[in-house]
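2 protein chains.
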Amino acid sequence: MAAQKPTLPKGTRDFGPADVQKRKYILNTIETVFKKYGFMPLETPTMENLSTLEGKYGEEGDKLLFRILDSGDYLKSLKEHNDKILSDESQDATFAPSVSGKLIDLEAKAATKFISEKGLRYDLTVPFARYVVMHRNEITFPFRRYQMQPVWRADRPQKGRYREFWQCDADVVGSDSLLNELDLIQIYDEAFDSLKIPIQIKYNNRKLLDGLSQLFGIEDKLIDMTVILDKTDKIGIDAVVEELKSIGANLDSLAKFQTVFQLPNLTTKHLNEFFSSSNEIAKKGVDEIVKIAEYLEVIYGSNNRLPITHDLALARGLSYYTGSIFEVVVNDDRCSLKSSIGGGGRYDNLTGIFGLPNVSGVGISFGLDRIYDVMEELKLFPEQLRATSTQVIFCHFDEATQLYCLPALKLLRDAGIAAEIFPDNKKLGKQLEYANALQIPFAAIAGETEMQQQVFTVKNLITGEQQSCSTQALISLVGQ
Amino acid sequence: MAAQKPTLPKGTRDFGPADVQKRKYILNTIETVFKKYGFMPLETPTMENLSTLEGKYGEEGDKLLFRILDSGDYLKSLKEHNDKILSDESQDATFAPSVSGKLIDLEAKAATKFISEKGLRYDLTVPFARYVVMHRNEITFPFRRYQMQPVWRADRPQKGRYREFWQCDADVVGSDSLLNELDLIQIYDEAFDSLKIPIQIKYNNRKLLDGLSQLFGIEDKLIDMTVILDKTDKIGIDAVVEELKSIGANLDSLAKFQTVFQLPNLTTKHLNEFFSSSNEIAKKGVDEIVKIAEYLEVIYGSNNRLPITHDLALARGLSYYTGSIFEVVVNDDRCSLKSSIGGGGRYDNLTGIFGLPNVSGVGISFGLDRIYDVMEELKLFPEQLRATSTQVIFCHFDEATQLYCLPALKLLRDAGIAAEIFPDNKKLGKQLEYANALQIPFAAIAGETEMQQQVFTVKNLITGEQQSCSTQALISLVGQ
Chain A
0 MAAQKPTLPK GTRDFGPADV QKRKYILNTI ETVFKKYGFM PLETPTMENL
50 STLEGKYGEE GDKLLFRILD SGDYLKSLKE HNDKILSDES QDATFAPSVS
100 GKLIDLEAKA ATKFISEKGL RYDLTVPFAR YVVMHRNEIT FPFRRYQMQP
150 VWRADRPQKG RYREFWQCDA DVVGSDSLLN ELDLIQIYDE AFDSLKIPIQ
200 IKYNNRKLLD GLSQLFGIED KLIDMTVILD KTDKIGIDAV VEELKSIGAN
250 LDSLAKFQTV FQLPNLTTKH LNEFFSSSNE IAKKGVDEIV KIAEYLEVIY
300 GSNNRLPITH DLALARGLSY YTGSIFEVVV NDDRCSLKSS IGGGGRYDNL
350 TGIFGLPNVS GVGISFGLDR IYDVMEELKL FPEQLRATST QVIFCHFDEA
400 TQLYCLPALK LLRDAGIAAE IFPDNKKLGK QLEYANALQI PFAAIAGETE
450 MQQQVFTVKN LITGEQQSCS TQALISLVGQ
Chain B
0 MAAQKPTLPK GTRDFGPADV QKRKYILNTI ETVFKKYGFM PLETPTMENL
50 STLEGKYGEE GDKLLFRILD SGDYLKSLKE HNDKILSDES QDATFAPSVS
100 GKLIDLEAKA ATKFISEKGL RYDLTVPFAR YVVMHRNEIT FPFRRYQMQP
150 VWRADRPQKG RYREFWQCDA DVVGSDSLLN ELDLIQIYDE AFDSLKIPIQ
200 IKYNNRKLLD GLSQLFGIED KLIDMTVILD KTDKIGIDAV VEELKSIGAN
250 LDSLAKFQTV FQLPNLTTKH LNEFFSSSNE IAKKGVDEIV KIAEYLEVIY
300 GSNNRLPITH DLALARGLSY YTGSIFEVVV NDDRCSLKSS IGGGGRYDNL
350 TGIFGLPNVS GVGISFGLDR IYDVMEELKL FPEQLRATST QVIFCHFDEA
400 TQLYCLPALK LLRDAGIAAE IFPDNKKLGK QLEYANALQI PFAAIAGETE
450 MQQQVFTVKN LITGEQQSCS TQALISLVGQ
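As you go down the protein sequences, you meet chains A and B in turn. First residue of the first sequence? That's 0 in numbering that gives the first Met the number 0, and the numbers climb one at a time after it. First residue of the second sequence? That's 0 in numbering that gives the first Met the number 0, and the numbers climb one at a time after it.
What you were told as hints is all true, and nothing was included just to trick you.
Copies of the same chain look alike in the list, so a pair counts if it fits in one copy or across any two.
Derived BS3-like pairs: lysine-lysine, alpha-carbon spacing no greater than 30 Å straight-line: (1) Lys244 to Lys230; (2) Lys34 to Lys378; (3) Lys425 to Lys290; (4) Lys34 to Lys429; (5) Lys425 to Lys282; (6) Lys409 to Lys21; (7) Lys34 to Lys23; (8) Lys21 to Lys34; (9) Lys409 to Lys283; (10) Lys429 to Lys283; (11) Lys426 to Lys283; (12) Lys255 to Lys230; (13) Lys409 to Lys426; (14) Lys62 to Lys9; (15) Lys290 to Lys426; (16) Lys23 to Lys409; (17) Lys195 to Lys34; (18) Lys426 to Lys34; (19) Lys255 to Lys244; (20) Lys429 to Lys409; (21) Lys426 to Lys282; (22) Lys425 to Lys458; (23) Lys409 to Lys195; (24) Lys233 to Lys220; (25) Lys23 to Lys195; (26) Lys268 to Lys409; (27) Lys158 to Lys378.
Source of the hints: derived by calculation from the structure; they are not laboratory data.
This is chain A alone, in the form it adopts within the complex (with noise of 0.2 Å):
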């Protein structure tokens, strides 16, 4: 076979044991506030039935669907189909364009049915919904669990935008209790800070949404009203008001709105103010908040430290969400990403698309490969993050040293130091300059001197120094 030159899908990736370590530094870093705040693992199959995926993601979300062709003669019915079409116009005169015509079950969507009932999983969210129905009767609700791993979208690759990418989600179904969102704004928190992202949480309320469409008189542009709404950072307020005209908006309902979007503190008595007694939506909404910021004084005192702001405009698509609604963006100038890192909210009717009703649902989610990329530009994973775990690498001059190394580097390994040997002979600077690439921090060397005297000549390959150790003596360097 011709060698041939090996290219990756576009908007997939490669990543590297340098990049590993990051990618898992972030992973372990959540990880560790989830599992804190006594969320359990779960874990989905990559590939979905077609069935589970479709129709939940509105119409752009099927189209950016990976598709798995079925195993076996996928094309096979296809061309069954196909075929006693040919064989029934065969006896008709007309034959050609009616033919034609039929054969445009070759197209697209058509055709999917026959060759395709497998897709992979597009977020962990409608997943995790069908596996809450499946197990309702194992599980313990409420149910708290979160879930790592990637998933997929066919969309057009671009910066900070890939195929295959993964997201880290914590909900909590079966309980709603606002002592939910509490647990995910302080997860929100602790996870950024423990990453020393500096972030922003935005909070909103569907509630509030509701109500400001009733209040504007436009309850019927609920979404054309939350889609505006979601350009507001974009745009800017003004812009948003001119085209919330143009949808009908009332006139002194928007002044009003202008008004108190622009507040530096927007309370609840601005709300309350802003939102007639009569809205009884816009009023659960701000009992919500209300509830909330009373939790979070209850823990924090009154300077309440968390970056924690509401935002009136905060719509994010709205999606399925019922309740709260949050959005994390970066707090540093120096970020070149203007979109969110994470996003969440409360979904009252998640599992009812797979036949379990009334089950309320609140979660929050992380994006990994965001993450990654404003940690990069900002500098902030932690300098000793290596490629490799090893502490010590055994270097040799000829058969003799390399068998005289080997009790030595089992040794090392049984005290639970992460060592390895130059598996090849060859000199010794090419030893060193493989350590040096791979930033190990010690190299012990045996020349024949070392062996006579049983002992290593060991290098700090950063700093310079060497000294001569017994086995023990480096194990104890080392470990320290």
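Fit chain B to the supplied structure of chain A, relying on the hints for placement.
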């Protein structure tokens, strides 16, 4: 939308919290050993181009690849192709039969290129070879990498065989030293020892198999020979000898083989006597076995405690192995799984298919899912593995006592103790039921009295003991 009963694609599985904890226990144990031996992590994408995958796993492998439909109008080019045939043919009198013939393009293989150019990762070795070739200029050789990721095969699902399963591989490329084999043998030993799975490591060398085919006078039937040898465990040595006879192995050598094979302790001396001194390739194979035995003796002494045996019939379908061949089986009669839980070997030209010849590599693989099944069957998982990490759950009677718990909950978490509060206002019995179902060890109960005295009634849910504790006392108690 009507509620649908969700299902999973066949051969795939959800892993609930308890399952994930067990799987993580295995993965972490293996990873700890990989790292201690100086292996570095690599992760490759789930999707690979079909050009990378096809032709690498034999004809059977190609059939088992999961193929991904191109996104967008994935059948458009296929339709254009067919429309062209139809329009060409519509000017032709002898229409129908010939069209039907050309539409054979719709059948499996031929049509694939129109609709799919990506597939799911089938193993970790080919993506690793691809990675090495693509990154050859950045990699420091010898390159010691480990990789723990799922792979997918459209195999018929059955007990112990899944369509999505995990492999854990460690490979060294760019070194032909047998010290690498030594490391890999020790890794197998140490990892399975940590997991408490009694194993037998079978070892053989491709060069002995080549030598054997010479000895039998059936060099041209090497593959047939190894297929027969691979059946030894199943059909026994006598039946194997019969089958070898039927493909032309010479009788003298077969008789000798039968004797040698059944020796309780196959030594180098036996092997040298068995293979004629003119059998150069066999001689090389024996030398390699001798060398590895020598290394093991230097480390473990002459009473080598390692559970490794030379098995002259071990071939593992040969695949791409050129030197050492390894296989690990469970050495416990109670275990129903008779097939291997790990395997590997040396390959001298794996990167050659991607244009980088003469790079020697050697590697081993652990099969996570089979190891899991074995550990379940032999009851080897540590008893203390629990689904949740939570150590303390706060229970309460009303909104006031709920609020009272919050600062204490925060203090516990700040002290690194995994803790949660029951989020809803339910009866204490319900709350403790939840705690017991999740095997949470401690409940910190806050009633009116506790709140007044600034304490919690802490109940050990395993022993039933109860005591009154301040938050600090609770932290000390649980942190023990």
